[in-house]
Amino acid sequence: MNYKAVGLREEEYQAIKELLGREPNESELRILGVMWSEHCSYKSTRPLLKMFNSEGKYVIQGPGENAGIVDIGDGWAAAFKVESHNHPSAVEPYQGAATGVGGIIRDILAVGAWPTACLDGLFFGKTPRNSTLSLMDGIVSGIGGYGNAVGVPTVGGKTFFDDSYEGNPLVNAMCVGIVSQEKIITSKTAKAGQLAVLIGSRTGRDGIAGAAFASAELAEDTKSSKPQVQIGDPFVEKLLIECCHELLREKLIASMQDMGAAGITSSASEIAAKSGTGIYIYADKVPTRDENMTPWEIALSESQERMLVIIEPENYERVEKCAQKWLLECAPIGEVTDDGRFKIINNGKTVVDLPAEMVGGGCPEIHWPSQKPAYLESIETERAYTLPQDAFRDIFLSIISDPNVKDKSWIYEQYDHMVQINTVVGPGNPVSVIRVKENNKFLALTMDCDPWSCWLDPYNGGAESFLKAARPLWACGAEILGMTDCLNYPSPESPENYWILTETVRGLAQTAKDMDCPVVSGNVSLYNESPGKKILPSPLVGLVGLLETMEDFLPSGELEESDVLFLVGPKKGFLAGSLFQRLLDKSIQGKPVQYTPTAEISFKERALRTAKDKCCSSVRVIGSGGLVTAIAKECIFAQKGASINLKSEHLVPEVLFGEGGPRAIYSVKPDKIAIFEHIWQDFGLLKIGTVQKEKTLEFLGLSSFSLLEITSCWRR
Amino acid sequence: MKACVVVFPGSNCDRDVIHSLSTRVKANVSALWYEEHKLPQDTDLVVLPGGFSYGDYLRCGAMAATAPILNAIKGYAEGGGLVLGICNGFQILTEARLLPGALLANKNLKFICRQCTVRAERTDTPFTSNLQTGQVLKMPIAHHEGLYFLPPSDLKQILANKQVVFRYCNNDGTIDDKSNPNGSVDNIAGVINKGGNVLGLMPHPERASEKILGSEDGGLIWDSIASWLKKGGRC
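So the sequences go chain by chain: A and B.
Residue numbering for the first sequence follows our numbering, starting at 114 and increasing by one per position.
Residue numbering for the second sequence follows our numbering, starting at 0 and increasing by one per position.
Only chain B is shown next, with the shape it has when bound in the complex (with noise of 0.2 Å):
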């Protein structure tokens, strides 16, 4: 697998995802820098990492949404390309509009950094190949705007459209208010775009690719990419 990792002035998981990404799939990583016109090629991921891109003294992620590597990004996404933002890059996807919604400040107003459970809602996306439905993963997340938040009407279209991939729950997979850690519509932790390309995730899977971190759930997000890519992308 040959991947880009996105450093844009303030991205502070680039190297924790260069570092899961290639010791749990042995992948060929880079960082792409943010002034960059297009991608390498032969890219077989594209990874926004979590960070404070620009400081987010602005909206988080609406900064990084106008940097030039962007619109690479967005051909590469159009064409099929496999775009992952986690944290901060999902913020910088929604802005950029490759993904619906917004994060908007969880809802006790804090920034929250901990441990969290997510159920796998989808098993048919690149991302997700490798997974049983339903499946519990345990990833941490770390963010003061994770709040997932849509109007009704589109909610209820990417509802319909099987965007949702992942929800908080609890540890037997129950989804209530309880086991939502930021006040996300529907528990909502991960969304994909209509193609099936693009992923946003809340949750850090580079904080869950080893056993000594406390888990390894996140390594099977990568496991999975890599065996999609492998099967020449089919799930």
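This is chain A alone, in the form it adopts within the complex (with noise of 0.2 Å):
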């Protein structure tokens, strides 16, 4: 068997070769071409990883084990982690989309926590053709089928539309979830001696080399590849998560992996090279789904609601029973070493002889060219934006009607946000709050992304993504934990793609550090490409931020009635790539504005100060669309009219539509804005309106329009 045909680069196979002293036998090559895939070495990628800064004062665990872990007091902890499911969900919209959100789930259970929350990132086409209409249909239909059976409400996240996702759209699940920081769970803790035991599904075809298949461009065929999407099953996850709860309760679990990309292998192979041990398993052990499955299918089959469960040998009876008990399947299917050696073994026959630590961690790392590309010489930068009088009216129902901007409850209603009663705000707010019962207190949980500026210029753009989702949390009180990240680009093998992803990630990263926010889990989906077709660079990235109280949290939405409506930060935002400047130009071009530091951590320490001093309302951050897209959500979701009066010479694009940096908008009681002007002095204030009794937002020289009407844009 060649090399090439289990995907494997030809210095790769020499580095086998070299690692091994021998060549690898076919099940041995078809291992490691799954192993070492982009997807499961992140060869492309370690090396930009390493920008990332996952250091603390919050931080119990970062990077390397199945989800990054912030300490939230009292001695609780949150794990959580983002993952894609691109590919999948681009071959078969329901189960992509299901798996995914089902993955994300073990991955947090398998620190030990309990799922307690799901957000989801979503990519789609914007042109409304039937392929993209039925792709959305499917994936939120998928989310949603099975985030509901499995208990785990999905409380918020955010989606984006634009044609470079048309065909290949992306499909980020985050799960929150709550452990006792006690009660961790890690991949470093197995020895020899002990069973390891597969707790779940039966073992099936489903998926088998799935992580390969994600580390390629999408064929142009792609029901081509629909054996290698999983099915899922939310109703064994749920029995699983009670399953592997009750084992945790009963201190019965030595350590414990999920069984995601590449299914026993990685699971197996990766518990041993992080506890230092071997493992052999037993591929006979393993209870099938189809008969005559050969062993290395049986190590790579991807089959869904599987855990790697490592225990104590004398245990095995209680675990059996306990899987009974929630109708799980139950099998000894190896045994931790102490030879450093992975092996599978079929009916006493070594089929499979690798060093545990090759498997996973021995891929070499590859340092694509990179060249900075040409596009961006060619960008028009200088161009200048009017604003007639008498466009401002289209131009403004055109961009709340825009699906970026628009009402998304047809996609949030159709997901459990409540169950487990934690939800205090839920999706369609710019923030998601989640009660802690285990210490009162609370999660604020964001999901943002700039592609359109990581376009125009990556490395603010990768800034800018971190931001718009940091502000927003600072905005309502919360301080920030921690990051996870989900960064979806095309192809690192051409050498303009590779330089857009290295400079968006050193914004990103920079930016992180620079706002004090360690980057404690995430993942890298690479070739997402289509034929003649690649998506925008799209570091998608979650934060999560903690609340001590409710009583510190400013909402969105909520404007009273004779607030005065104030803009902080810079009055002009930046056009460049902004909605405004895509609906009129049809193409994104210009160049945004520079990431300050400075300007950004002035606005954290006001943002916070005004959220506790209780002088506000409401607040939004400008986001896509502009000043006046904010005052036209905050009107829609308080129902209250407002008044917004500027100066001529604020009437101009930047103003109104313009977009980034440390800009909000609050809506400010009217005896406390003594208070409210004093935090933000020297920073750029501006008084714009107020609310008011009367159903109408009128921007005075502009145009005015009933709540009425901008409502049923905004939700039609």
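Don't read these hints as lab results, they were simulated from the structure.
Some hints here could point you the wrong way.
To be verified - Calculated pairs, PhoX-like style, for lysine-lysine (alpha carbon to alpha carbon, straight line, at most 25 Å):
{"id": "1", "chain 1": "A", "residue 1": "K130", "chain 2": "A", "residue 2": "K117"}
{"id": "2", "chain 1": "B", "residue 1": "K37", "chain 2": "A", "residue 2": "K519"}
{"id": "3", "chain 1": "A", "residue 1": "K782", "chain 2": "B", "residue 2": "K210"}
{"id": "4", "chain 1": "A", "residue 1": "K704", "chain 2": "A", "residue 2": "K626"}
{"id": "5", "chain 1": "B", "residue 1": "K37", "chain 2": "A", "residue 2": "K550"}
{"id": "6", "chain 1": "A", "residue 1": "K163", "chain 2": "A", "residue 2": "K301"}
{"id": "7", "chain 1": "B", "residue 1": "K25", "chain 2": "A", "residue 2": "K554"}
{"id": "8", "chain 1": "B", "residue 1": "K230", "chain 2": "B", "residue 2": "K161"}
{"id": "9", "chain 1": "A", "residue 1": "K438", "chain 2": "B", "residue 2": "K137"}
{"id": "10", "chain 1": "B", "residue 1": "K106", "chain 2": "B", "residue 2": "K137"}
{"id": "11", "chain 1": "B", "residue 1": "K106", "chain 2": "A", "residue 2": "K521"}
{"id": "12", "chain 1": "A", "residue 1": "K521", "chain 2": "B", "residue 2": "K230"}
{"id": "13", "chain 1": "A", "residue 1": "K239", "chain 2": "B", "residue 2": "K109"}
{"id": "14", "chain 1": "A", "residue 1": "K462", "chain 2": "A", "residue 2": "K398"}
{"id": "15", "chain 1": "A", "residue 1": "K550", "chain 2": "B", "residue 2": "K210"}
{"id": "16", "chain 1": "A", "residue 1": "K519", "chain 2": "B", "residue 2": "K177"}
{"id": "17", "chain 1": "B", "residue 1": "K109", "chain 2": "B", "residue 2": "K177"}
{"id": "18", "chain 1": "B", "residue 1": "K210", "chain 2": "A", "residue 2": "K725"}
{"id": "19", "chain 1": "A", "residue 1": "K727", "chain 2": "B", "residue 2": "K210"}
{"id": "20", "chain 1": "A", "residue 1": "K170", "chain 2": "A", "residue 2": "K130"}
{"id": "21", "chain 1": "A", "residue 1": "K434", "chain 2": "B", "residue 2": "K37"}
{"id": "22", "chain 1": "A", "residue 1": "K684", "chain 2": "A", "residue 2": "K704"}
{"id": "23", "chain 1": "A", "residue 1": "K462", "chain 2": "A", "residue 2": "K364"}
As the list claims (entries may be wrong) - So the derived label-pair ranges between C-beta atoms look like this:
{"id": "24", "chain 1": "A", "residue 1": "S514", "chain 2": "B", "residue 2": "N107", "range": "53 to 59 Å"}
{"id": "25", "chain 1": "B", "residue 1": "A104", "chain 2": "A", "residue 2": "I714", "range": "49 to 55 Å"}
{"id": "26", "chain 1": "B", "residue 1": "K230", "chain 2": "A", "residue 2": "E822", "range": "50 to 56 Å"}
{"id": "27", "chain 1": "A", "residue 1": "L764", "chain 2": "B", "residue 2": "Q131", "range": "48 to 54 Å"}
{"id": "28", "chain 1": "B", "residue 1": "A104", "chain 2": "A", "residue 2": "S247", "range": "15 to 21 Å"}
{"id": "29", "chain 1": "B", "residue 1": "G133", "chain 2": "A", "residue 2": "E671", "range": "25 to 31 Å"}
{"id": "30", "chain 1": "A", "residue 1": "L440", "chain 2": "B", "residue 2": "G133", "range": "54 to 60 Å"}
{"id": "31", "chain 1": "B", "residue 1": "Q131", "chain 2": "A", "residue 2": "E430", "range": "54 to 60 Å"}
{"id": "32", "chain 1": "A", "residue 1": "E673", "chain 2": "B", "residue 2": "D171", "range": "20 to 26 Å"}
Every residue gets a Cβ at the ideal spot worked out from N, C-alpha and C, and that includes glycine.
Got two chains here, each in a separate frame; can you build the complex from them with the hints?
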């Protein structure tokens, strides 16, 4: 069998021969083909991920385990991670998205946490073609179908629309779990002599070598890849969560791994490599769905809803009994050894014999050639935009009805976002808030990305992607504990793509570091290309913040009558890559503003103080669609009118529709204006209008809208 | 109050009901495994919680309706014991024929999770004894099969028996098509048996029993049960 057939490169094959001192046999080659794929080995991005700072005062566990873990006080911790399921969702949207949710929930389960909330970052084509609509429909139903049944609420997320995602939608699923700090499970604690037990579904031929499929561009005929997509069963996942937690309560688990990409192989070899042990897997002991599965098929199957649990042999009966109670298959499939070998033995015959460390960690890094893309030189940066008064009305209405801005309740109402009764602020809001019953504190969660500014200016786009997720957390009064990210990019093999990838990660990493936010987990998805098309650079950022009490929480969409509206921050945003610019030019043009760390830190401090001083009713950070869109959303959510009175010098597109930078609108209580002004003096502070009883939104000098009109336009 | 919440494989609102009952009315609540054959002694209330029992791969609730504990619950209900089925629990009660009708897929064929308002049609039941007739409660729904259906002749009968306890309504209590989230016959959101001791509800009171969750109206149902029990089973 040729190494190319399993997706390996020549130098990787040479490295294998060198590490082994012999030729690998066919089973070994297939296993290494998957384990050394981009998806499993991060071989193209390992050098880049080193740019991320993963240390901080709240960090309990950084990258490298199934999920990052941060301290949330009182002996409790939050475990979280985001992961992509892009390729499977492009091929089979329902199951692709469903198993994406299932996979990330098991990652959280694997560290011993109770999965408490999910969020989803979705990226779809914008033109409403049938193919796009059916992908959207399938993906949303899949996320709902799985998450609803498994009983983990989908409390928030973000949806993006751009035609670069047509045919290659992105599905990034994030899960947050709560765990007692004393009961965190790691993959480092297995000991020789312990038993490896498989709990969960039977192993079938579904999803064999799915990780390798996710490490190449999508084929013209996506249906040909269907065998690589796994099928999910949320009922079994629910039982698995209950069963594993019962085993944890009874202290029967020494170590644990979920089976995601590369199934038994990755989970078993990872435990062995991290624990400094070996592991032998007896393929004939694995309960299978299909007859006559070969040992390598068993080792690489990505059948869902399975966990590998390491236990003391004398506890096996108790483990088996618990699995039976929860109607799950349970089988002792292997043993932990002291020889550092990853072996697969079938009916007494050793079919795979590799050093455990080499399986997951042996793949050499690839340093792809990197080159600044030529298009960046030809971007039009000097164009001036004007706003004729009679054009405002149409532009405004087309912006608030743009899919990127308009109401997403048709998506999130299909998700159970309330089960577990912790959802204090649910989807549709800039920040989602869940209660932690265990310590009576609250987690504030956001997810965001700015693919358009990443395209125009990768470094600053990476920065803006972080800041878009961070600013609403500061504004609501939350302290950021940590970050997870999902780096979605096209093929790194193009030097221009690789340059963009590097620069956006550099911007993202630097900003997170400047803002004191450790990166504790993440995932990379490359090769997001379909024939003739590649996605925009899309580094999705997921943030977890802490609120000690809801007293300190400043909501959005809660305007109060006779409040005074203020804009804080620079008066002008940037039009480059903004929704306004994209709608007008039908292309992405311009030069986004530079990220200024001092301004962002100053915004953070003032925003946190504003929330604490309780001088405002509502806040909204300015995002997609600019200032006027932020005002419109505030009015729509609060069902209150507003009168906006800007000087004529401010009636320019940069002020009204500009995006980015630390800008927000505050609805200030009339008797607290002095306190508010004191906090924001010297930062950029502009009184822009008042909240009014009358149900109209008037922009004096421009146009006026009834609340009903903008609400129905936004909802339609 | 001594309550038990039945746990089927796939139940996912069991902990929520336990939390809500024990914090709101300080009930002594325990989880009851579906394979049990009898209820704990002196049980005042049995709750069948929401979720996806057995994955709901067959008709929702059909598998759970055949579980061993259902026999005990049937006996308990015949003796006048209080049984409340919420969402999947309601589906189970109709499958077990403890309640009339059936729950079909929502009119839009999609899962719907959102706040709803329902109107109390009766206040002479143990579950609504603290409410005013016509009182509007804000409680969320979360289901794919919540369209309450029964043939016209049966509908006539349950209306004649006053078995409809809650109807979906607008904020001001008016009942129309617009306020009907899932296409239920006659806007029906909750139905009681003839004996008045077994209630099925599609909205989730346990998700609306704390101010922080956006509504405390569901707590009024727990309060009603508690005061009904306190009064020795009278309204």
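Assess, step by step, whether the Cα of B/K109 is no farther than 25 Å from the Cα of B/K177, and give holds or violated. Roughly 17 Å between the alpha carbons, so the hint for B/K109 and B/K177 holds.
Does B/K210 lie within 25 Å of A/K782 when you go C-alpha to C-alpha? The hint holds at about 23 Å.
Outcome of range test on Cβ distance (B/A104, A/I714; 49 to 55 Å): 52 Å Cβ-Cβ, so the 49 to 55 Å window holds.
Keeping to a limit of 25 Å between CA atoms, is the pair of A/K462 and A/K364 held or broken? 34 Å, violated
Check whether the Cα positions of A/K438 and B/K137 lie no farther apart than 25 Å. Roughly 37 Å separates the two Cα atoms, so the pair is violated.
Mind checking the hinted window 25 to 31 Å against the Cβ distance between B/G133 and A/E671? Holds - the Cβ-Cβ distance for B/G133 and A/E671, about 30 Å, lies within 25 to 31 Å.
Falls inside 54 to 60 Å, the C-beta gap from B/Q131 to A/E430? 57 Å, holds
Given the hint that B/K230 pairs with B/K161, test it: the Cα-Cα distance must not exceed 25 Å. 23 Å, holds
Take the C-beta atom of B/K230 and the C-beta atom of A/E822, compute their distance, and say whether it sits inside 50 to 56 Å. 53 Å, holds
B/A104 and A/S247, beta-carbon distance inside 15 to 21 Å? Holds, since B/A104 and A/S247 (Cβ atoms, about 20 Å apart) stay within the stated range.
Hint check: A/K163 vs A/K301, CA-CA at most 25 Å. Holds or violated? 21 Å, holds
Between B/K210 and A/K725, does the CA-CA distance stay at or below 25 Å? Holds, at about 21 Å.
Checked against the numbered hints given earlier, this structure breaks hints 2, 5, 9, 12, 20, 23, 24, 30; the rest are met.
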